[in-house]
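The lines below spell out each chain.
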Amino acid sequence: MKNSNKPIIVCRDVHKWFGDFHALRGIDMEVQQGEVIVIFGPSGSGKSTFIRTINRLEEHQRGDIIVDGIELSHDVRNIEKIREETGMVFQQFNLFPHLTVLQNITLAPMWVRKWDKAKAEEKAMELLTRVGIPEQAAKYPGQLSGGQQQRVAIARALAMEPKIMLFDEPTSALDPEMIKEVLDVMIELARSGMTMLVVTHEMGFARAVADRMFFFDKGEIVESGTPKELFASPKEQRTKLFLSQILHH
Amino acid sequence: MAAVTDIKPPLSERPSPLGWARKYLFNSLGNSLLTIFSIWLIYTVGIGLLRWVFTQAEWQVIATNLRLILLGQYPIAQVWRIWLSLLLLAFLIGNSLAIWGKAGKTAKRFGAGLVAFPLLLALTAIGAESRGWLVGLSAMLILGWYLGRPATRTLRRVVAVGWFIWPPIFLILLRGTTPAEGVLPIVGTNLWGGLLLTFLLTVVGIVFSFPLGVFLALGRRSELRIVRWFSIGYIELIRGVPLISILFMAQLMLPLFLPAGITIDRVIRAMVGITLFSAAYLAENVRGGLQAIPKGQFEAAHAMGLNGLQTMSLIVLPQALRLVIPILVGQFIALFKDTALVAIVGLLDIVGIAKTVLAQPDFLGLQREVYAFVSLLYWVFSYAMSYVAQRLEISLGVGQR
Ligand SMILES: Nc1ncnc2c1ncn2[C@@H]1O[C@H](COP(=O)(O)OP(=O)(O)OP(=O)(O)O)[C@@H](O)[C@H]1O
Ligand SMILES: [Mg+2]
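Chains as they are written, first to last, in this note's numbering: chain A, 1 to 249; chain B, 1 to 401.
Just so you know, the hints here were simulated from the structure itself, not pulled from any lab data.
Treat the hints loosely; a few may be bogus.
[To be verified] Computed cross-link-like contacts, DSBU-like style, restricted to lysine-lysine with a CA-CA straight-line distance of at most 30 Å:
(1) A/K163 - B/K295
(2) A/K117 - B/K102
(3) A/K114 - A/K180
(4) A/K123 - A/K81
(5) B/K105 - A/K139
(6) A/K119 - A/K163
(7) A/K139 - B/K295
(8) A/K114 - B/K105
(9) B/K295 - A/K81
(10) B/K105 - A/K180
(11) A/K6 - A/K228
(12) B/K8 - B/K102
(13) A/K117 - A/K81
(14) A/K218 - B/K8
(15) B/K295 - A/K123
(16) A/K81 - A/K114
(17) A/K139 - B/K8
(18) A/K180 - A/K163
(19) A/K218 - A/K235
(20) B/K102 - A/K139
(21) A/K81 - A/K163
(22) A/K240 - A/K228
(23) B/K295 - A/K117
Since the structure is predicted, the reported quantities are computational estimates derived from the model, not experimental observations.
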């Protein structure tokens, strides 16, 4: 699925400040269509901030971000177009508690893509089957387990038929026994050719499906490479130390 | 389950009257004294009150002026128009209970209470004609209930539309359209009074201050500086002055903003004042609800491409408003009682009518009877509102997620 001519995401020298605090210090990254990228690094290193700049949940202040040929600028129309092409899955699920599972999933296709209800519901049921919980369609999010909620969140993001999926620590709020059910869905998605940027410390997932990994520290990319390269022979001392910490505890 | 509940508590735990009293009334020396003191207090006040109600009070003043207290000087010959509107309303309520109450137990019990209420009133000392209308109200409730039971989709739509067109129909019937000789002669607002006027002021206040308050709450959070400053300025200004001064200003200053030759009548001026006042408080309450919505909800909505308006109307407001329903109900009940202040600017709401009744030579010195009855009226409707709201909150699952 790799098409090395035209990257689907281009980030050039991206900087972000929170007040005086320099949270992103010149991030460069190009992602090809169909690539699975894993981003990891210590807490506060700017991983969330970085993937949230890609769909403008955070505004970057210097550098360029180009998603699917659209430049991210102050133009609201561009921002909305990019958001339609990117799905996002959050650590805290962020499902809409006042809507049923089915309504959570059909909302954006109906209001943003202007699909009719029948089409949106058909798509929603197809996705719920794909993530393994079609029988929960009529329930409210509060009635589901964490793992089920996160799978609904994935289905909800996929319902817009995005070209890119962003995941911000999708399993860190889950009890251990539910992590696998969510990772399985993500692995299946990765193998189906979806372009994915995943912030995670699940190294099993990275080993199984990541094409490249990026190690973030203090707002910079310290090192990147294939999982093989990084696990076997990290070049930087900081990467080595961090990997040994998360792999042996 | 049955087997478990069938086991009776141990003998020592079974409440005997004496045991109950010891546990809940006399469980320590201090509490026993408190209990005895409370009983004494309730007894003295209660006896005094009962003696007054049944042997001393002259209730004739209420019976004579009942129509005035309920409707003001609305012409007797036209009162059928109000009854007709009420019949329609009863029909709609019966319909809605059957449809949205899913003909369940709560809806049935509630409906039965509503049917019984007019019948009970019909038993009191009122004219034969009113009695007929009251029985009609109960009949319409029952009719509406039976016709609403199929609860089909079309029926739902029709009833929903019915709720929207009822208020204008009511207002048209109330005010009339033709000159004096026609079928619906115009009845000027100067003749609207009593409970009728109190209700109108309340309902208009609620219906118009709700959207206005929501806009102000959103405006206060807007990124457009002008909109935010305006909203903050408005809210803080209004909340800093008493309603009575706003009512006076509405009476005296509103005409200054209108082109010469156009006058709006006093009732509408009062409605404007009440609406503007209520909107500021509503905005603050709604803002509380908005603040309780986690940032993640906005982010999830934006991330999937919803624009600002869609995010607000589909995701944030429905959750925020549901959170503040109990507070808003409290605010609306307070508004109902606050409308009594219009009596001071000369309108003849319940309190205004009470004052005119007491000014008549026949009824001098009967303040106690009149104001006791007025208070009772306010209490009955306030309590009914809060009771209905509680039931509604339970069935809507307010406060649960
Ligand atoms: N809205 C904000 N205002 C101010 N500072 C912020 C804000 N969001 C993040 N930061 C700061 O920016 C830095 C990077 O935060 P970020 O959330 O991107 O880290 P992270 O790598 O995702 O960490 P974690 O693993 O804890 O999620 C942190 O030091 C954080 O305190
Ligand atoms: Mg993070």
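Each hint, compared with the structure:
1. Only pairs whose Cα atoms come within 30 Å are accepted, and A/K163 paired with B/K295 is accepted, the gap being roughly 25 Å.
2. Pair hint A/K117 plus B/K102 holds up; C-alpha atoms about 25 Å apart against a cutoff of 30 Å.
3. With a C-alpha separation of about 34 Å, the suggested pair A/K114 and A/K180 falls outside the 30 Å cut-off, and the hint is violated.
4. Simply put, A/K123 and A/K81 have alpha-carbon atoms about 21 Å apart, close enough for the 30 Å limit, and the pair holds.
5. In summary, the hint linking B/K105 to A/K139 is supported, as the alpha carbons are separated by about 24 Å, within the 30 Å threshold.
6. A C-alpha spacing of about 20 Å is found between A/K119 and A/K163, which places the hinted pair at or below 30 Å, so the restraint holds.
7. For the proposed pair A/K139 and B/K295, the alpha carbon gap of about 23 Å is at most 30 Å, so the pair holds.
8. Pair hint A/K114 plus B/K105 does not hold up; C-alpha atoms about 40 Å apart against a cutoff of 30 Å.
9. With a CA separation close to 22 Å, the supplied pair B/K295 and A/K81 stays within the 30 Å bound.
10. For the proposed pair B/K105 and A/K180, the alpha carbon gap of about 45 Å is over 30 Å, so the pair is violated.
11. Simply put, A/K6 and A/K228 have alpha-carbon atoms about 25 Å apart, close enough for the 30 Å limit, and the pair holds.
12. Distance check on the hinted pair: B/K8 and B/K102 sit about 36 Å apart at the alpha-carbon level, beyond 30 Å; violated.
13. For a cut-off of 30 Å, the pair hint linking A/K117 to A/K81 stands: about 22 Å separates their Cα positions.
14. Simply put, A/K218 and B/K8 have alpha-carbon atoms about 67 Å apart, too far for the 30 Å limit, and the pair is violated.
15. Straight-line distance between C-alpha atoms of B/K295 and A/K123 comes to about 28 Å, which keeps the hinted pair within the 30 Å bound.
16. With a CA separation close to 14 Å, the supplied pair A/K81 and A/K114 stays within the 30 Å bound.
17. Distance check on the hinted pair: A/K139 and B/K8 sit about 38 Å apart at the alpha-carbon level, beyond 30 Å; violated.
18. The straight-line distance between the Cα atoms of A/K180 and A/K163 is roughly 24 Å, inside the 30 Å bound, and the hint therefore holds.
19. Distance check on the hinted pair: A/K218 and A/K235 sit about 18 Å apart at the alpha-carbon level, within 30 Å; holds.
20. Our distance criterion of 30 Å between C-alpha atoms is met by B/K102 and A/K139, whose separation comes to about 20 Å.
21. Between the alpha carbons of A/K81 and A/K163 the distance comes to roughly 12 Å, so the proposed pair stays at or under 30 Å and holds.
22. The straight-line distance between the Cα atoms of A/K240 and A/K228 is roughly 13 Å, inside the 30 Å bound, and the hint therefore holds.
23. A hinted pair counts as satisfied when its Cα atoms are at most 30 Å apart, and B/K295 with A/K117 qualifies at roughly 28 Å.
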